[in-house]
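**Q** Based on the provided sequences and hints, a complete structural model is requested.
There are 4 protein chains.
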Amino acid sequence: MGNIKVTVWNEYRHERHNEQVASIYPNGIHRAIADHLEGVEGLEVATAVLDEPDHGLTDERLANTDVLLWWGHLAHDEVRDEIVEKVRQRVLDGMGLIVLHSGHGSKIFSKLLGTNTGMLKWRDDGEIERLWVVEPGHPIAKGLGEYIEIPREEMYGERFEIPAPDELVFISWFEGGEVFRSGCCYRRGRGKLFYFRPGHEMFPVYHQPEILQVITNGVFWAAPVDGAKTSYGRVAPIVPVVQS
Amino acid sequence: MGNIKVTVWNEYRHERHNEQVASIYPNGIHRAIADHLEGVEGLEVATAVLDEPDHGLTDERLANTDVLLWWGHLAHDEVRDEIVEKVRQRVLDGMGLIVLHSGHGSKIFSKLLGTNTGMLKWRDDGEIERLWVVEPGHPIAKGLGEYIEIPREEMYGERFEIPAPDELVFISWFEGGEVFRSGCCYRRGRGKLFYFRPGHEMFPVYHQPEILQVITNGVFWAAPVDGAKTSYGRVAPIVPVVQS
Amino acid sequence: MGNIKVTVWNEYRHERHNEQVASIYPNGIHRAIADHLEGVEGLEVATAVLDEPDHGLTDERLANTDVLLWWGHLAHDEVRDEIVEKVRQRVLDGMGLIVLHSGHGSKIFSKLLGTNTGMLKWRDDGEIERLWVVEPGHPIAKGLGEYIEIPREEMYGERFEIPAPDELVFISWFEGGEVFRSGCCYRRGRGKLFYFRPGHEMFPVYHQPEILQVITNGVFWAAPVDGAKTSYGRVAPIVPVVQS
Amino acid sequence: MGNIKVTVWNEYRHERHNEQVASIYPNGIHRAIADHLEGVEGLEVATAVLDEPDHGLTDERLANTDVLLWWGHLAHDEVRDEIVEKVRQRVLDGMGLIVLHSGHGSKIFSKLLGTNTGMLKWRDDGEIERLWVVEPGHPIAKGLGEYIEIPREEMYGERFEIPAPDELVFISWFEGGEVFRSGCCYRRGRGKLFYFRPGHEMFPVYHQPEILQVITNGVFWAAPVDGAKTSYGRVAPIVPVVQS
Numbered sequence: 001m002g003n004i005k006v007t008v009w010n011e012y013r014h015e016r017h018n019e020q021v022a023s024i025y026p027n028g029i030h031r032a033i034a035d036h037l038e039g040v041e042g043l044e045v046a047t048a049v050l051d052e053p054d055h056g057l058t059d060e061r062l063a064n065t066d067v068l069l070w071w072g073h074l075a076h077d078e079v080r081d082e083i084v085e086k087v088r089q090r091v092l093d094g095m096g097l098i099v100l101h102s103g104h105g106s107k108i109f110s111k112l113l114g115t116n117t118g119m120l121k122w123r124d125d126g127e128i129e130r131l132w133v134v135e136p137g138h139p140i141a142k143g144l145g146e147y148i149e150i151p152r153e154e155m156y157g158e159r160f161e162i163p164a165p166d167e168l169v170f171i172s173w174f175e176g177g178e179v180f181r182s183g184c185c186y187r188r189g190r191g192k193l194f195y196f197r198p199g200h201e202m203f204p205v206y207h208q209p210e211i212l213q214v215i216t217n218g219v220f221w222a223a224p225v226d227g228a229k230t231s232y233g234r235v236a237p238i239v240p241v242v243q244s
Numbered sequence: 001m002g003n004i005k006v007t008v009w010n011e012y013r014h015e016r017h018n019e020q021v022a023s024i025y026p027n028g029i030h031r032a033i034a035d036h037l038e039g040v041e042g043l044e045v046a047t048a049v050l051d052e053p054d055h056g057l058t059d060e061r062l063a064n065t066d067v068l069l070w071w072g073h074l075a076h077d078e079v080r081d082e083i084v085e086k087v088r089q090r091v092l093d094g095m096g097l098i099v100l101h102s103g104h105g106s107k108i109f110s111k112l113l114g115t116n117t118g119m120l121k122w123r124d125d126g127e128i129e130r131l132w133v134v135e136p137g138h139p140i141a142k143g144l145g146e147y148i149e150i151p152r153e154e155m156y157g158e159r160f161e162i163p164a165p166d167e168l169v170f171i172s173w174f175e176g177g178e179v180f181r182s183g184c185c186y187r188r189g190r191g192k193l194f195y196f197r198p199g200h201e202m203f204p205v206y207h208q209p210e211i212l213q214v215i216t217n218g219v220f221w222a223a224p225v226d227g228a229k230t231s232y233g234r235v236a237p238i239v240p241v242v243q244s
Numbered sequence: 001m002g003n004i005k006v007t008v009w010n011e012y013r014h015e016r017h018n019e020q021v022a023s024i025y026p027n028g029i030h031r032a033i034a035d036h037l038e039g040v041e042g043l044e045v046a047t048a049v050l051d052e053p054d055h056g057l058t059d060e061r062l063a064n065t066d067v068l069l070w071w072g073h074l075a076h077d078e079v080r081d082e083i084v085e086k087v088r089q090r091v092l093d094g095m096g097l098i099v100l101h102s103g104h105g106s107k108i109f110s111k112l113l114g115t116n117t118g119m120l121k122w123r124d125d126g127e128i129e130r131l132w133v134v135e136p137g138h139p140i141a142k143g144l145g146e147y148i149e150i151p152r153e154e155m156y157g158e159r160f161e162i163p164a165p166d167e168l169v170f171i172s173w174f175e176g177g178e179v180f181r182s183g184c185c186y187r188r189g190r191g192k193l194f195y196f197r198p199g200h201e202m203f204p205v206y207h208q209p210e211i212l213q214v215i216t217n218g219v220f221w222a223a224p225v226d227g228a229k230t231s232y233g234r235v236a237p238i239v240p241v242v243q244s
Numbered sequence: 001m002g003n004i005k006v007t008v009w010n011e012y013r014h015e016r017h018n019e020q021v022a023s024i025y026p027n028g029i030h031r032a033i034a035d036h037l038e039g040v041e042g043l044e045v046a047t048a049v050l051d052e053p054d055h056g057l058t059d060e061r062l063a064n065t066d067v068l069l070w071w072g073h074l075a076h077d078e079v080r081d082e083i084v085e086k087v088r089q090r091v092l093d094g095m096g097l098i099v100l101h102s103g104h105g106s107k108i109f110s111k112l113l114g115t116n117t118g119m120l121k122w123r124d125d126g127e128i129e130r131l132w133v134v135e136p137g138h139p140i141a142k143g144l145g146e147y148i149e150i151p152r153e154e155m156y157g158e159r160f161e162i163p164a165p166d167e168l169v170f171i172s173w174f175e176g177g178e179v180f181r182s183g184c185c186y187r188r189g190r191g192k193l194f195y196f197r198p199g200h201e202m203f204p205v206y207h208q209p210e211i212l213q214v215i216t217n218g219v220f221w222a223a224p225v226d227g228a229k230t231s232y233g234r235v236a237p238i239v240p241v242v243q244s
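Residue numbers (UniProt numbering), protein chains in the order written: chain A, 1 to 244; chain B, 1 to 244; chain C, 1 to 244; chain D, 1 to 244.
Careful, some of the hints might be misleading.
Pairs count within a copy or across copies, as identical chains cannot be separated in the list.
To be verified - No farther apart than 27 Å at their CA atoms in a straight line, the calculated lysine-lysine pairs in the BS3-like style are these:
| hint | residue 1 | residue 2 |
| --- | --- | --- |
| 1 | K142 | K86 |
| 2 | K111 | K5 |
| 3 | K142 | K229 |
Simulated from the structure, these hints should not be mistaken for lab results.
**A** Here is the structure:
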């Protein structure tokens, strides 16, 4: 099996305009994640950001992406619809997609799932989050303990308007009294999606080893399979399967 | 419990332009289905068609619809995007939606599910279809036998590009050698969707009693529930749940 | 539609041997629940307890039960295997089953689900529980707010060794830092199962109106449907479906 | 990653007592499958049969099995309950299990799923079966075409009394007019189960390359993951997560 080609996409705005965020992610969230993934055997890593031409998601880049990671927040609306549609089609054709944290409100996530995925509760008080593993035998839980504790995070709370996940791997507990479906797997078309909740830009979440482990696990899980051939459309007139 | 308000929506083109279809459904597919539903206790039935203003789906009509049935084929593209978006939002807010036959290619079905739901195999040779019940205890299977046999139907074959149904009630067998997931239930937002495959316009499928029984069952299953309240967005700063 | 026949089954040991429990449920947990259900239109209610002959679950009683509620804890092992098997078969034939709280460790729940459903974390410190509704449009969430708060409860924590629920309605938050899948729906055979977590015998949980509302909702959801006929076993030699 | 240790279990009765079966599988169905798997890189293959001591499933053998394949038919009842229970526990602890054809009626399959999995329709007329791929992006569909055609097979027809699969990969079409859920994936405890329908002993099904490809794919899919740690039982008294 060849390498898995990963592209880490980031909006990359907070890091350039907010000093606290810049101090945590001096080269952007995408570089923090990409730096980690580059150290993982079997992965080939690139990055793309919103303000590049075509948001960095040219046809060539997409054609060379097996798994796409997506972090966005402030500028969901600036992502052009035709790029979103290309990404959606690539996922349906088999590309993996990992949507991180505030990416829940992105066009690509909402369009692939069909619901208003931006709808949830939130509170930005830097509270404790515990992500409990509810499917310990799942590939995305590889190498973890019973839960991951993040000392300071933004809270996301239910009701989260998503279709029931095909596989629910993590449920979060928050200090302030809320819960959240934090690790959600979906199969759509030939592609796999993984939504992973943590990652508020104001806290060093993507420097925490267990979080990076989950992202790595997610990449291997979401990588395309050389699956069955398919065809669509009109088929030839009926020929009896059974010859008398 | 009050009556369930049902609106049967139809493209209503084939019936006006094709003599064979007109002979089967002289007042349109919508009227054939509405006539049946009007005989069912507990239902209040209206119809709407594409060529009415706002496709008959005015705000008032939608506000007075608990369950919407959808039959379309030739003119999916003529359905205006803003109407589709209104219907989508109503479903997420709790309205039931029953998508019939070639409605699989409609904007509303595709947008709610996120995949290219128009993609499947088809053959229009008037062959035998058997819909096998795989969940006999499901409310949508009420009153049926082991399978429903339709003497002449258009074939739809897998691979059908849909998300795996939350509940799969029927699987079709076709004379020519194909199978199809023909009765597919989804929950999206607060609403319920039911896709029911049969209903090619060239055959009197919506005059067959078992087919009408399934549609009736679907209406009762998809009707909204006065469910839990929900709220979204920023919540107040953290207040300890536990008072020391 | 006739009345739904409900049987509330209880182990009925704690209430007879522990003064605190007796003070909360002087006539047993089963009577507290049955008293409530008797006030609901459309229900016909009976009770059965472990120490009755055949644990109160005679063939006649089971034949007259549409939905069975199950509370057990200390004496799971005393429930005779042949009675468990009869109940299991009744569920597969269409009877609804609602398993409450410590009933997660019962033979009937474990046998119907196939996993070691007794396995979970617990702590008996009388802490706050919040049950968040994650499927607000579900019939079991009828009439609720965003969450149910129980002031003092026993904690159950993940990992809970259950198959992923067909529908997950509630997720619990606990003061001590844990989460739990607290409202789990399953379809097995022709029957429906609902597991509902709250109900430690030391606290007046079954006197709390929202809890009783959920139990009522569960009964209506789990009630049998007069679904499709089925047959099994050898079928006649092949007869061509298509006559040449 | 080390090799995956596979054990192919077979009842091994038909092959010893029926000449036609013996001519197809002179060394038993287990050897036909094991011979194939031995040629696959990354697998280490052993076999076990009913009439060995402990049915060949000693503690040592099970401890050295990552994925167990199971073919049984005539003698389901002869498999000792304590061995079944050991296998069940191993699956819940993470071992993969692939149940083949008439293995649907085995104790191990029924106990892990909780329903009467022996219940289905069947007809032994040697008819055509087509297994349509409904999830082409699934790892178990790797390398396949749109469907697998088996020229002569025993028919299994719905209603098949199984819990709805977590992932449904294949649906079969049969010449005589039936359909069947033929490739069913389940997660139970930490383990994965795959039920694969084909394999009647009277036809050379396990010599057909696509069938062997699916079995190989199934082994890789079902192999255990070094997943999250878990613990169960009473936990220490509540310690505030949040230090005031």
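**Q** With reference to the structure, classify each hint as holding or not holding.
**A** Okay, the hints, checked on the actual structure:
Proximity of K142 and K86 under a CA criterion of 27 Å is satisfied inter-copy only: 25 Å between copies versus 31 Å inside one chain copy. Only within a single protomer do K111 and K5 lie at most 27 Å apart by alpha-carbon distance; the minimum there is 24 Å, versus 29 Å between protomers. Proximity of K142 to K229 under the C-alpha cut-off of 27 Å is restricted to the inter-copy arrangement: shortest distance 9 Å between copies versus 30 Å within a copy.
In terms of the numbered hints stated before, the structure departs from none.
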